[in-house]
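Chemist: For the protein sequence lines, the chains are G and Y, in the order given. With the first letter of the first sequence counted as 1, position 63 gets the number 63 in this note's numbering; the numbers rise by one all the way through. With the first letter of the second sequence counted as 1, position 68 gets the number 68 in this note's numbering; the numbers rise by one all the way through.
I should point out that these hints are in silico values taken from the structure, not numbers from a laboratory. Just so we're clear, the structure is a prediction, and the values are computed from it rather than from any experiment. Any given hint might turn out to be false.
[Said to hold, decoys possible] Label pairs and their in silico Cβ distance ranges: (1) G/Thr10 <-> Y/Leu13: 30 to 40 angstroms; (2) G/Gly343 <-> Y/Gly28: 36 to 46 angstroms; (3) Y/Gly28 <-> G/Ser273: 16 to 26 angstroms; (4) G/Thr10 <-> Y/Val11: 32 to 42 angstroms; (5) Y/Glu25 <-> G/Glu387: 40 to 50 angstroms; (6) Y/Thr6 <-> G/Pro195: 34 to 44 angstroms.
[As the list claims (entries may be wrong)] Taking beta-carbon pairs under 10 angstroms as the criterion, some of the chain G residues facing chain Y (in silico): (7) Lys24; (8) Pro29; (9) Val54; (10) Ala63; (11) Ala72; (12) Leu76; (13) Thr80; (14) Gly106; (15) Val174; (16) Val176; (17) Ala180; (18) Leu183; (19) Val236; (20) Tyr241.
[What the hints assert, rightly or not] According to the in silico footprint, chain Y covers these stretches of chain G (three or more CB under 8 angstroms from chain Y): (21) 12 to 20; (22) 245 to 256.
Just so it is clear, CB atoms sit at the ideal spot from N, CA and C, and this is done for glycine as well.
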Amino acid sequence: MNSTQLVIDTSYFAAAFLFIYGLKRMSSPVTARSGIVVAGVGMLVATLASFLYVFGIDPAAQAHLTTNVALAATALVVGTGWAWWSGKRVAMTAMPQMVALYNGMGGGAAAAIAAVELLRVNAAHETVPLVVTIIGALIGAISLAGSLIAWAKLDGRINGTWRMRGQQLFNGTVFVATLAVGLYIVFAMHGHAPPAIIAAFFVGAFIFGVLMTMPIGGADMPVVISLYNAFTGLAVGFEGYVLQNPALMIAGMVVGSAGTLLTLLMAKAMNRSVANVIFSNFGVTGEEQQGEIKGSQKAAEAGDAAINMRYASKVIIAPGYGLAVAQAQHKLYEFVKLLTDAGVEVKFAIHPVAGRMPGHMNVLLAEAGVPYDMIYDLEDINGEFKEADVAVVIGANDTVNPAARTNKSSPIYGMPILNVDQARQVYVIKRGQGKGYSGVENELFFADNTNLVYGDAQKVMVAMIQAVKSLEGGGH
Amino acid sequence: MDLTTTITGFVALYIFMLAAFTGYEIIGRVPAILHTPLMSGSNFVHGIVVVGAMYALLNATSTAEQVIGFLGVLLGSGNAAGGYVVTERMLEMFKPSDKNKNDKKA
Numbered sequence: 001m002n003s004t005q006l007v008i009d010t011s012y013f014a015a016a017f018l019f020i021y022g023l024k025r026m027s028s029p030v031t032a033r034s035g036i037v038v039a040g041v042g043m044l045v046a047t048l049a050s051f052l053y054v055f056g057i058d059p060a061a062q063a064h065l066t067t068n069v070a071l072a073a074t075a076l077v078v079g080t081g082w083a084w085w086s087g088k089r090v091a092m093t094a095m096p097q098m099v100a101l102y103n104g105m106g107g108g109a110a111a112a113i114a115a116v117e118l119l120r121v122n123a124a125h126e127t128v129p130l131v132v133t134i135i136g137a138l139i140g141a142i143s144l145a146g147s148l149i150a151w152a153k154l155d156g157r158i159n160g161t162w163r164m165r166g167q168q169l170f171n172g173t174v175f176v177a178t179l180a181v182g183l184y185i186v187f188a189m190h191g192h193a194p195p196a197i198i199a200a201f202f203v204g205a206f207i208f209g210v211l212m213t214m215p216i217g218g219a220d221m222p223v224v225i226s227l228y229n230a231f232t233g234l235a236v237g238f239e240g241y242v243l244q245n246p247a248l249m250i251a252g253m254v255v256g257s258a259g260t261l262l263t264l265l266m267a268k269a270m271n272r273s274v275a276n277v278i279f280s281n282f283g284v285t286g287e288e289q290q291g292e293i294k295g296s297q298k299a300a301e302a303g304d305a306a307i308n309m310r311y312a313s314k315v316i317i318a319p320g321y322g323l324a325v326a327q328a329q330h331k332l333y334e335f336v337k338l339l340t341d342a343g344v345e346v347k348f349a350i351h352p353v354a355g356r357m358p359g360h361m362n363v364l365l366a367e368a369g370v371p372y373d374m375i376y377d378l379e380d381i382n383g384e385f386k387e388a389d390v391a392v393v394i395g396a397n398d399t400v401n402p403a404a405r406t407n408k409s410s411p412i413y414g415m416p417i418l419n420v421d422q423a424r425q426v427y428v429i430k431r432g433q434g435k436g437y438s439g440v441e442n443e444l445f446f447a448d449n450t451n452l453v454y455g456d457a458q459k460v461m462v463a464m465i466q467a468v469k470s471l472e473g474g475g476h
Numbered sequence: 001m002d003l004t005t006t007i008t009g010f011v012a013l014y015i016f017m018l019a020a021f022t023g024y025e026i027i028g029r030v031p032a033i034l035h036t037p038l039m040s041g042s043n044f045v046h047g048i049v050v051v052g053a054m055y056a057l058l059n060a061t062s063t064a065e066q067v068i069g070f071l072g073v074l075l076g077s078g079n080a081a082g083g084y085v086v087t088e089r090m091l092e093m094f095k096p097s098d099k100n101k102n103d104k105k106a
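Just chain Y, with the same shape it has in the complex (with noise of 0.2 angstroms):
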């Protein structure tokens, strides 16, 4: 791969450290009402592996390598576009109703 970022050992494991506290404060402060809407949203974040995969079928060189990297962009596409969908539906839910609810008799 031409890149022009390279990350060997010791900066893979700061850029590690960094992004594990990062994720650890972010849901540490969550008030616990959005715990399950977080981990959906999460869940759609790590689709981005669908990046990873695309890259793996574009240098595919055989027919076992292509037959795998289509599945990987499969599933990695599936992963990102179903765990946006459901996040925000369940976000959409969450704010409103809040307020109508408060406005509405059962």
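This is chain G alone, in the form it adopts within the complex (with noise of 0.2 angstroms):
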């Protein structure tokens, strides 16, 4: 029995090790994906070494063994088996979903733990562990309940937001109401209450988890997701303190303080707090586009956009997520610092939702060597936009369409973008005729001010940098 013990505790303790091991390595770019292979070794270790459990069952549980097993190993089965087939099929753009309903199912399972807790008649409660087992619970359901939604909306299968007169009151009162019957559970019964108040408790997480999760718009989801991540870390973890395992408590906790981490920058990047996101009802949802841009998209060769630059007195460089897949950073440094030395000005400007997640341009102009007083952010920039020579947008497309000024029927309508186009001359480097993120068409693109660099910003930038070097080598 004790070897048993042993066994499990050292597989835990492995998992543990593992997972924090498999995240660290997850930190860096070269070693990610061996990082969530060690992290899946630790998964695989602990789920079988818990098997391990018959043998040191509860007497009380004993006749159930057989039934129990098959139970286990059936869910397994079938859970393992949905998610891997579901998760290997899903296209890449609906990733954010997937992990929305990933993310809900753990909340799910960490509320049943708490349940089938508070079910065990014949158990001692004590009052902390109790009160962990509630809060866990709460938590727990919330995350599922608000997850679920989240998917659906992401999914297409909830359109548009639900919002009604008072609801914030409302759904205050869920809360409250949903609380003390949690407190009452506790305090009152000794966690040896009847299974309808139990079933009302997580009735009522469920349904505040859903009030929650209604009202926010589409466009937020990020951020929602995010903190729903982090919520189920933190139930998994409580449920962990409650069946006294440490292996729950640390994976738990350890994702529970990143995600809430992940939420702040996210709603940072949006210039929103997180409260601001969840209660202001704030955000649109996807709507198709009317009308048709006017007008064609003019090539320009790099070479010429660069020599054009070289005699401009002002240039503002907007780079977006297309810098960072072409890893041109240092190369458009380089450029820049051609452009500096023959006495252009050059500024970037950083819209806060540029590249894919908060401050991933300035990490990468700051390790390409770029001086932090060269980069404005968009409030600082947006006015020097109608006296500079030319503007360069490096891979960036939602963040400078002034349809996001202009047309109100556009889904990006009333976010706060880069002027770009008031500039004199405007170069886009970019590697086709796509669409942004939000699938929108770019009317910068067609502006008669407007040219476009086709390539890989990588290789743009080399053309452009030699350009300006051999015109200053045939001056010499």
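Using the hints, put the two chains back together into the complex; each one sits in its own frame.
Modeler: Below is the structure:
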């Protein structure tokens, strides 16, 4: 008996180590892929070792052992099989809702653990573990319900946002009522509540999760998913304490704090607080854009664009995700240094949600050695585009789309954008004629003062450097 | 539960505190480009909840506990397996695509 327990404990210890080590390896692009494999090994070891519980089972459960093992094996096979199959075939574009769905399942599992604990009639419940059980159950059930709504919204199964008068008050009432039932279970019933009351508690938490998520628009869902990811982590950590399982405690709390930090970072990128995202009923759901764009796209050679910039007096550069994909930040700064050496004033304009994540562009430019005083935020630089001779857009799209200012039917209408279209000449460096993240056609690309330089951003930069250098070389 | 590890009050707080700092440090140092796969990766890690659900199910004594325990294991294993698959797919795309895209013209 003790040796089986030792095997279980050792494998949980190994799992906790492998999770942290795996996440650590995921923090660098070079080792990221091996990181998830390392964490996966930890999960496999812990799950298989858990079957050893059958040797140290509660005597009362002995009679049900065969059924319970069969149920566990069936649930594992079905759950793993379905998730594996769905995860393999889901399109990359549908990834956010899939992560939301899997996350909700984790929250549901944590809530289920709590429910079984609360239903265990013959257990002697102590107050502290009981409080932790209830909190974990509350968070887990909210995460389950909220993630399901987030999934349904992102997947287009629920359209629009559902709002009503006095919603905050109503939500608050549901939450307080649920909490009251929870406190009643802990302090009045000492954990021995009838199933109906326990069920009422879970139903209340679930309904609150739904109510809390319904008013939030599709555009804000990434923040919400990240928040529920942190919620599930916390719920798992709390239930781990209840079960005296350090692997769950560590894994849950690591995810809980990491997820909280990620949520704050993402909300910050949108210049809003998490509370604002959750409670302000802001955000839009994707709608079809109306109307055709007139005009045509005009191409330009990289060399011509470079020479034009060399003789400009002010150039503003607006980078986007394409810069990161092409890893062109070093070549870009090399080119910028040539311009500044020639007396051109160059500034970088960074949109808060440029790239795929907060601070993406700042990190890239800093890595290339661009000094901070050349990099400007949206509010600080937007007034200067009017005075710029040239604005260069590198792999950005939605963040420079004038439709956000003018076209009310556009899904991105109302989002602050960089006013690159106000510069005398605009060069857009892009790989092809695709649309942006939001799927919206960009009228900037069709404007009279816009020329497109097609190609990989790094190759374009090399060509631009050569063009300017050959100019200087010819002069000497 | 016949456990050799007994975690009470302050020991639990120490574990939670250290784990929270670990999570904070891991994410805080990550380049922003990896934030999305990392969120998905941490989503996978809390799939360990399946282990707790298995414990609950294997010790179930009533039909209600069995049904809820079964659901717990089902959901937990879905969390773990799904989280793993999508994270691996994302990271797979990330690394080689950076190199390939540098060599390819659009």
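Chemist: For each hint given before, does the structure comply? Return the numbers of the non-compliant ones in rising order.
Modeler: 1, 4, 6, 15, 16, 17, 18
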